[in-house]
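Peer 1: Residue-level listing of the chains:
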Amino acid sequence: MFGVLMATLLVTIALVGSNMDSILKQSVAFEIRQQITDNKALVENFKSPEELDSFILAQIDQRIKALGLDEPWYSPPRLGLAVYKILILDFGHATFLTSDSGSSNVKDILLEKLPRTILLFTTATVIISLLGIFIGALSGSKVNSKLDRMTSTFAVVSSSFPVWWIGMLMIFVFAFAYQIFPARATPLIPVTDPGYIGALLYHMTLPLITLVLIGFGSWAYLVRNFLIGILQEDFIMAKRAVGIPERKIIYTHALKNAAPPIVTVLALSLSGSLGGAVITEAVFDWPGMGRLYFEAISVLDLPVIIGATYVLTAFFLASIFLADILYGYFDPRVRTG
Amino acid sequence: MSLSSHEVWQEFSGNKIGLVGVGIIILLFAMSAVAAVTIPVETFKEWNNPASWITFPKSSLPAWVNYFLSEKIPEHKILKNPQTASQTVGEISVISHGFVVDYEYDSFPSDFIYEYTARYTGTPLLQISIIRPDNVELQLTSTSLPKSATETSYHELIFSTDDSVKKNLRKNAKHFAFALDQLSAEDVVFSATDTNKVLKGRYVFQVNLYSIDSQTTIEDSKFILGGKIYGLIGTDELRRDLAVGLLWGTPLALFIGISVAVGSVVIGLIYGVFAGYKGKKTDEALMRFNDVIYAMPALPLLIILAVTIGNSIFLIVGFLMIFGWVGIAKVSRSMAMQIKTLQYVEAAKIMGQKDIKVIFKHILPQLLPYTFASIAISVPAAITTEAGLSFLGLGDPTFPTWGQILHDANTFGAAARGLWWWIVPPGVMIAITGLAFVFIGNAMDTIVNPKLKR
Numbered sequence: 001m002f003g004v005l006m007a008t009l010l011v012t013i014a015l016v017g018s019n020m021d022s023i024l025k026q027s028v029a030f031e032i033r034q035q036i037t038d039n040k041a042l043v044e045n046f047k048s049p050e051e052l053d054s055f056i057l058a059q060i061d062q063r064i065k066a067l068g069l070d071e072p073w074y075s076p077p078r079l080g081l082a083v084y085k086i087l088i089l090d091f092g093h094a095t096f097l098t099s100d101s102g103s104s105n106v107k108d109i110l111l112e113k114l115p116r117t118i119l120l121f122t123t124a125t126v127i128i129s130l131l132g133i134f135i136g137a138l139s140g141s142k143v144n145s146k147l148d149r150m151t152s153t154f155a156v157v158s159s160s161f162p163v164w165w166i167g168m169l170m171i172f173v174f175a176f177a178y179q180i181f182p183a184r185a186t187p188l189i190p191v192t193d194p195g196y197i198g199a200l201l202y203h204m205t206l207p208l209i210t211l212v213l214i215g216f217g218s219w220a221y222l223v224r225n226f227l228i229g230i231l232q233e234d235f236i237m238a239k240r241a242v243g244i245p246e247r248k249i250i251y252t253h254a255l256k257n258a259a260p261p262i263v264t265v266l267a268l269s270l271s272g273s274l275g276g277a278v279i280t281e282a283v284f285d286w287p288g289m290g291r292l293y294f295e296a297i298s299v300l301d302l303p304v305i306i307g308a309t310y311v312l313t314a315f316f317l318a319s320i321f322l323a324d325i326l327y328g329y330f331d332p333r334v335r336t337g
Numbered sequence: 001m002s003l004s005s006h007e008v009w010q011e012f013s014g015n016k017i018g019l020v021g022v023g024i025i026i027l028l029f030a031m032s033a034v035a036a037v038t039i040p041v042e043t044f045k046e047w048n049n050p051a052s053w054i055t056f057p058k059s060s061l062p063a064w065v066n067y068f069l070s071e072k073i074p075e076h077k078i079l080k081n082p083q084t085a086s087q088t089v090g091e092i093s094v095i096s097h098g099f100v101v102d103y104e105y106d107s108f109p110s111d112f113i114y115e116y117t118a119r120y121t122g123t124p125l126l127q128i129s130i131i132r133p134d135n136v137e138l139q140l141t142s143t144s145l146p147k148s149a150t151e152t153s154y155h156e157l158i159f160s161t162d163d164s165v166k167k168n169l170r171k172n173a174k175h176f177a178f179a180l181d182q183l184s185a186e187d188v189v190f191s192a193t194d195t196n197k198v199l200k201g202r203y204v205f206q207v208n209l210y211s212i213d214s215q216t217t218i219e220d221s222k223f224i225l226g227g228k229i230y231g232l233i234g235t236d237e238l239r240r241d242l243a244v245g246l247l248w249g250t251p252l253a254l255f256i257g258i259s260v261a262v263g264s265v266v267i268g269l270i271y272g273v274f275a276g277y278k279g280k281k282t283d284e285a286l287m288r289f290n291d292v293i294y295a296m297p298a299l300p301l302l303i304i305l306a307v308t309i310g311n312s313i314f315l316i317v318g319f320l321m322i323f324g325w326v327g328i329a330k331v332s333r334s335m336a337m338q339i340k341t342l343q344y345v346e347a348a349k350i351m352g353q354k355d356i357k358v359i360f361k362h363i364l365p366q367l368l369p370y371t372f373a374s375i376a377i378s379v380p381a382a383i384t385t386e387a388g389l390s391f392l393g394l395g396d397p398t399f400p401t402w403g404q405i406l407h408d409a410n411t412f413g414a415a416a417r418g419l420w421w422w423i424v425p426p427g428v429m430i431a432i433t434g435l436a437f438v439f440i441g442n443a444m445d446t447i448v449n450p451k452l453k454r
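Quick note, the sequences are listed as chains A and B, same order.
Heads up, the first sequence is in my numbering, so the first residue is 1 and it goes up one at a time.
Heads up, the second sequence is in my numbering, so the first residue is 1 and it goes up one at a time.
Same shape as in the complex, but just chain B (with noise of 0.2 Å):
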């Protein structure tokens, strides 16, 4: 029965299955860690804004579609680093920011927006024009902003679908062999000028701001071209990049799985042993207990909990515990049945060593490969029963978990409207964290049970 860790580890580096499990274990933390590092706190915090994903496009495939596809759909594009410069003629002073696109796609983008926050005084005039791969520029905007004597801050968002986008480049019919007045703005800015047909190549949209104060600046300089393809992951109804979903999840149900598994196994083993040691009265009256809880409907009482006591995601990790630790309390209750009647446990008792010292010290360390075992195979468990509650939406709105991508999923019909990237990743990351520690468990198993091995 006993094992040195030693041993424990011996065997368990001798099975394949457990070994690939500790492998996505490890994976799923890095990815954590990743998390943690490369989106910040606040991203994740805005899940739930719309606001916060205002500039991204909404239920678009993810990126690497494009490899199979002989169309290529249009990229969605967040252009954030412009190449900037800024030179001075007499008393005008200019700024100029480009963004450089190669469009290699084989439909028009959706539309593109251009997003910047200005500081100045006086009225500048901000002019956009685009230099397209055959050398003809065309002018979008040409505007002045609003005049003001104190030094202010003006934010803007220009619009492909804006009139005066449109009136501008009707001017420049005379590049085009075909009539402008039907097509939206990005249709005719990515056209060929023969056909009304996409011009691939290199694009590069400028930006100046001319002003007679040399104070002015451009601050968050944005061009987003607007596509049906983004991201690792593709986006959802409402905009969400899933790729940052995802990635936060995984942290989120170690979390969950981890500490409910540790808390409940923690929970039924002292529960358990203490039962099982006392015998008699005590183990009668808490073995009841133990039946009553264990006759009860878990989720639908989950569900109520949720509900009528709050949904906030440490609530969830009790009332997962509340219903986890049963089963493992009557397993190690029958083991320490059986270990207090060892002689060494009767021999530390008629030492006068105290209860608490004998079960602490001579019962449970021998417990201990059982202990993770069922840590082990506590967690998927744990990690199903929380994605099950989101998805019905009674998860912690603050943190978006797997199972409340898929309820937002499910409330948009995605599977209806085949939004696979909607669907398939959340659930594949659920079973994935699941298997992993369903491998680790067995593996801990075979070594615990010698039984099973054949």
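The following block holds chain A by itself, in its conformation from the complex (with noise of 0.2 Å):
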């Protein structure tokens, strides 16, 4: 487990790293150059530009040698300084990036936006795993009807769009041809303002709907196909047999039969949807993890990336634990010891 995430963050580094030393390396030695020359009385100290040249090229050597950039990022000092802080959860400055009340400390930025991720993406999980359920639960135990051929065509179809294409279209509904929801997600108000809360859930309605929209299809799908191999067990026709209404068979019987699966599932998406968050909060502009992420790629600010990147796969990780716990929970026959 730990493993993993040391694994996914080294990848990162790996990647992002040597790209960064060169940005960093450059910056350097233009802030050196632009000191000396700024600086007219050094300057006139030197007879000749050669001699100049070569004085701020020292400069910066020696510079980059106390930054430590001299050695690659995989020389064993900067990994393991690197390593080491990430272990105590010091993701250090970012380079380019600020949060919103202006902190340029990672930690800080983070903390500001995983919530508002948190806040969109669990709400419409839940929303979706409910709706599911309840869906999945009536199709399955009515199979062949109306209900569960518009559930099984409904979620092959709505699973083959992507959901930020289904986003744009609902921008396109909502907020041009019949203008009720924000087409951005950012709201306009300062945060420290009382009504940010009310502003911010508002402008959570247009990316709300459109996640339970194309997710909940695939859930009830999925739930009703746990249901029907359940319904057909032996256990499920006695309890018919004797009496119980057929309500509560699915609802309690059948329902807690099907949930180490469901549980599973439901755990595993609600980290997938964290990692799809990037693409779906760039299209509704929501000030989360995802958009961060993005901003912080595409400006290659390392200290951001790998703090995102550390989150997100710590979430993702947590998840499929917290799966594996509950699947025992649910399912005694998987306990061992």
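Source of the hints: derived by calculation from the structure; they are not laboratory data.
There could be a bad hint or two in this list.
Derived pair list, reagent style DSBU-like, types lysine-lysine, alpha-carbon separation capped at 30 Å [as the list claims (entries may be wrong)]:
#1 K256(A) / K77(B)
#2 K58(B) / K278(B)
#3 K16(B) / K146(A)
#4 K222(B) / K80(B)
#5 K357(B) / K142(A)
#6 K330(B) / K354(B)
#7 K278(B) / K222(B)
#8 K142(A) / K256(A)
#9 K357(B) / K280(B)
Source: prediction; values computed, not measured.
Quick one: dock chain against chain with the hints and give me the complex.
Peer 2: Take a look at the structure:
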């Protein structure tokens, strides 16, 4: 588990590190050249431009050594330091990006964006799963009914549309054709305003509707398939024979037995949606982790990229772990020892 | 478990949805072929070069919207093949190009442009006039080309907004019952004489080039009548013909989808079967590595890879394969573990056949139906993921994929501005392509797993 986290981070550092180094070196060189040429008294001491040049180069070398940039990113001291800092959750300061409150500390930025992503995607997943379980149970209990066929068709069709494209269509319909919701999901009022939370929720409606619309079909389909398998088991037959009402059989007995795989998929889809957030948030301009991630990558802000990757991977692994534990809770057969 | 290809086809042809999928894919391949034949590769390489789209209209609706409108919007027309004639009167030779426009729309065009390249010596005289449906002839331009002692080629664009055109039109004020001063050239040329409303009918634009040199020619003679609708799908903010982009996106999407699916399924299959067949420590080690890849967040890493290593279309196909094979390796491992206990495999082993031969000859063929099903099912994911990457602006800029068209649409805020023809077609194409493969995959799946049948 932990190994995966570190492996992901290593890949990230490996990929971004060398580029980042060259960018940093260039900016150091530029800075020093600027400083020296601004200092008129110092410049006049040199007799020829060549002499000045060699002095500047020496200075740059010195600074690069001082910053430890002369060694490649994979040298043990630098790598060790990076891993150590990540372990104590110190992501350092962002090179370019800042949080809304102006702090450039990566931890501040992440803490500011993370709740918004969780707010949007967790709400969406909860609504999706409730809706999906309900509709799935309904259509699973009436196989080949109209509702069942509609659910299956809807599931297949909706899952082949990219979420972000539906998002664009939703913006077209609800922000252009009927001006109900705003097209950009970032509220214009400042964070400190007391009405901010209300505005945020209002701006959240459109992305939320989109996510639910795309998500619940395949959920219902999944639940239906699990349920059909279970409804054919002998113990359900026995319960029917005893005379327990059908509704009770489906919602208590059958769904409880379908729970383990459903919970697993739920946990995985929750964390999967966090990864997919990158594109969805870009469409709606939702000020969360996904958009932060994309912004960080487009300017190659290494500390932010590492921090965001860390958080995303940690969430992903945590939900896999949680799914395993919940599986054991719902299905005692897998418990050992 | 084992199925002959004949049996598979027999079952498959009984599955209507599967056949629909096959039909759609054949259609998509036909579209790719049409794209390759009708639209030269150069055109689509010029996709991101604004200069090559200058004669196209900006953000115009598709042409077929006129069927649903009572007020017909003028269509953007690019006329390339004029009726040519040439005659010689004494020592003066005349080349004339005539462009015929049937103007049946309810509002004025937005502008008109004449583009040409003349090859001449001396100073030929260029005259452009228009013969209207009411037989009024209006002269638009009368200008002599720059003097040249040797043979030169001269390229020029004459716009309806040029001052000389306006000045010439004002000379014809006697034909019109209203003042022309405030009107633009196209509002005069296409107007009825009594009121300033569109006069429908046949207009002929006549271009005459007079010169004393019989070698004079006009090349690339083009008349562009600016309208607000164009083509099958319309154009985008950068004047690009979206139909070209969509058509060329088809082979690209198929290439990406199929090569990623085939690549990752083959890798996953061999990896999984090898692990399952070898068992013990090899299996353990291979599966742990599999778990590591499985637990990595794919999209963020794909973005990092695209940004840092490169975004050529082949690289992106490779990146998508890295994350595509994991699930298939898991399933094929468990299948291989079942198959390797079968007696014929054991017999082959006892006979002393090499591991590689056992895997490729005795185990892999058993998994073929499953392989095809999973290839078909992995195609849509590959296409949507690539579209997602392109949508974020990380696609290959030299190849216009559907995702990139949507990326451009998003950058220009097409959704909030109501440019639906820019958003709907690419997404529908992505979905249709995905659906077709899902249909085939599901149909194959029911054959491979008879349990799903009910």
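Peer 1: Run the structure past the numbered hints and jot down the numbers of the failing ones, going up.
Peer 2: 1, 2, 5, 7
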